[in-house]
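Asker: The chain contents come next:
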Amino acid sequence: MRQFLFFVKKEFYHLVRDRQTFFILLCLPLALILIFGFALTNEVKNSRIAVLDNSKDKATRAIIDQLEASRYFDILEYIPSNDKLEATFRSGKIKLAVVFPPNFNQELLHTNTATIQLIGDASDPNTSNALINYATAVIMDYQAGFRNAAEIPLRINTEIRMLYNPQLKGSYNFVPGVMAMVLMLVCAIMTSISIAREKEIGTMEVILVSPIVPMRLVFAKMVPYFLMSVVNIGSILLLSVYVLDVPIQGNLVLLILECMMFTIASLALGLLISSISNSQQVAMLLSVVVLFLPTAMLSGFMFPVENMPAVLRFISHAVPARWFYTTVINIMIKGLGFEYVWKETLILAVMTVFFLAVSILNFKTRLE
Amino acid sequence: MKVISVRNLTKRFGSFTAVDNITFDIEQGEIFGFLGANGAGKTTAMRMLCGLSRPTSGEASVAGYDLYKNANRIKENIGYMSQKFSLYEDLTIRENIRFYGGIYGLSLSDIRSKTNLLVKKLKLEDSINSLVKSLPLGWKQKLALSVAMIHDPKIVFLDEPTGGVDPITRREFWTLIFEAADRGTTVFVTTHYMDEAEYCNRVAIMVDGQVEALDTTGVLKAKYAAKDMGEVFLQLARKAKRGDG
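Sequence lines, in order, name chains A and B.
With my numbering as the guide, the letters of the first sequence map in order to residues 3 to 370.
With my numbering as the guide, the letters of the second sequence map in order to residues 13 to 257.
Don't read these hints as lab results, they were simulated from the structure.
Predicted, not measured: the structure shown is a model, and the values here were computed from it.
Fair warning: there could be bad hints in the mix.
With a Cα cut of at most 25 Å, we get these calculated SDA-like pairs of lysine to any residue [what the hints assert, rightly or not]:
# : chain 1 : residue 1 : chain 2 : residue 2
1 : B       : 145       : A       : 19
2 : B       : 135       : B       : 178
3 : B       : 96        : A       : 5
4 : B       : 166       : B       : 26
Turn these sequences into a full structure, and let the hints guide you.
Answerer: This is the structure in structure tokens:
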């Protein structure tokens with residue numbers, strides 16, 4: 003135990019002496035959260051649209067007012083005629099145009115149907131899709147109010163409710179995603195590099211000649227990165243609650259415990275990588291390709307797992323971040339309890355034990 | 013008293029026999045030089061004795077313990093300095109000493125007194141709290157040797173410890189080795205500097221994985237009618253079939 007503490011102390015020296023890396027590791031979650039939160043958002047907020055009103059009557063006025071009043075849209079310009087429409091799109095100033103046909107109100111009153119054309123700039127399909135959905139929702143709103151006033155025969159309406167995230171905020175899914183990425187980065191990549199470094203500079207030989215049990219070295223390496231990850235978990239959660247307004251709906255203790263378990267799984271993976279790489283470069287490359295990319299791409303955070311080709315969907319089962327991501331979404335966003343995440347938790351736990359066991363068995367106590 | 017005794021020790025890597033059936037004994041307090049060209053098998057032989065590499069066949073006992081049965085007892089009784097510099101450059105001198113003392117299970121008060129003794133001897137008192145990377149190479153090597161012996165091992169293994177060091181520092185380095193031998197520590201050192209071979213009590217010359225000659229430098233020089241160890245070495249090494257590497 004005393005030997006172990008000597009090791010832990012040494013690891014802290016390494017961590018703190020390398021100021022740049024230390025700083026990067028602590029600021030990384032901050033940077034990622036801010037980048038994903040404010041720059042890389044695909045939410046609709048104050049999007050610029052154009053209106054082409056060929057009717058200019060009471061109904062079109064009301065709908066335009068409602069579009070303008072919603073916080074999703076800013077009406078940038080009123081286009082006088084159809085032939086100006088394309089030029090406006092080409093200028094790139096707008097992503098959506100709302101076109102009212104002539105005699106809109108009359109048709110609506112007399113035939114009970116009227117058509118509004120929504121034109122989206124589909125060079126960015128996700129955004130235009132989102133904008134069209136929002137605009138449709140606003141128009142439906144108007145229709146609902148309008149119908150209550152005039153008495154119209156029964157009609158079936160769809161009512162859409164977005165559960166758990168009524169405002170469709172992007173931050174709800176990237177907070178768990180960023181958490182998975184940061185933990186994987188700090189734990190797996192840093193542990194594997196730091197063990198590979200000992201092999202590179204030759205200190206590993208000396209340690210292997212000493213009577214210390216080599217596994218102590220390995221566990222001692224995990225301690226500082228584990229603590230650092232706990233700090234990072236804290237800062238991500240604080241940022242998400244106080245800066246991004248993403249509330250923690252579920253049990254905070256359960257959430258933190260799940261995060262810690264994922265941390266240990268990542269540490270074990272880092273160890274596994276280090277046992278097969280003899281240089282820092284190899285360790286770095288392996289961790290990025292084998293750990294970091296799948297965490298980002300296959301966890302469901304960037305692309306929904308359900309939409310992946312069968313092969314990738316199959317591979318995603320082996321990515322710990324996938325299970326972690328689901329767990330965090332369930333606890334943090336949906337506010338579900340342990341009874342809803344025990345399956346994911348169990349899978350993660352089994353993975354953790356497996357990775358730890360394989361890497362311990364694989365850890366070479368000799369140089370050959 | 014024999015502290016190292018090796019019988020028919022062999023190490024193969026696939027079809028390549030790195031160490032071929034070597035046999036020798038080393039007495040306590042001896043400075044035993046292990047000479048050979050690059051690739052002759054010196055480092056592999058030493059690594060087997062330190063427990064870093066498992067022999068393919070043969071017997072050996074180190075510090076009175078069997079290489080196969082009591083590897084851990086051996087580890088407690090030996091010190092090791094590798095070809096690569098083996099201290100942590102981003103730790104201070106004091107932290108390095110404390111760490112290595114710690115993993116050898118020394119008590120805190122032992123570590124403290126050892127540290128004082130060590131820095132005083134190496135005249136490093138003023139830089140005890142500076143990072144090791146700020147030291148000149150020669151000092152680093154002397155520090156590494158002292159740290160390798162911090163737990164007063166019975167035997168210390170030095171794998172080409174003076175590579176890249178200037179002659180004056182090499183001389184000082186050997187003074188440390190003589191002092192250790194005077195205290196009764198057995199020194200097993202590999203080198204390819206022939207002037208260093210002259211400092212050893214006995215030398216073994218390895219050629220192509222085998223011990224080609226083993227005796228005191230005086231006897232070897234007489235036997236091969238050579239004026240120094242360099243000539244002895246050249247006569248033997250010329251027989252080598254393996255190239256460098």
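Asker: Hints first: check each against the structure and report whether it holds.
Answerer: Okay, the hints, checked on the actual structure:
1. B:145 <-> A:19: Distance of about 12 Å is within 25 Å: holds.
2. B:135 <-> B:178: Holds, at about 18 Å.
3. B:96 <-> A:5: 24 Å, holds
4. B:166 <-> B:26: 34 Å, violated
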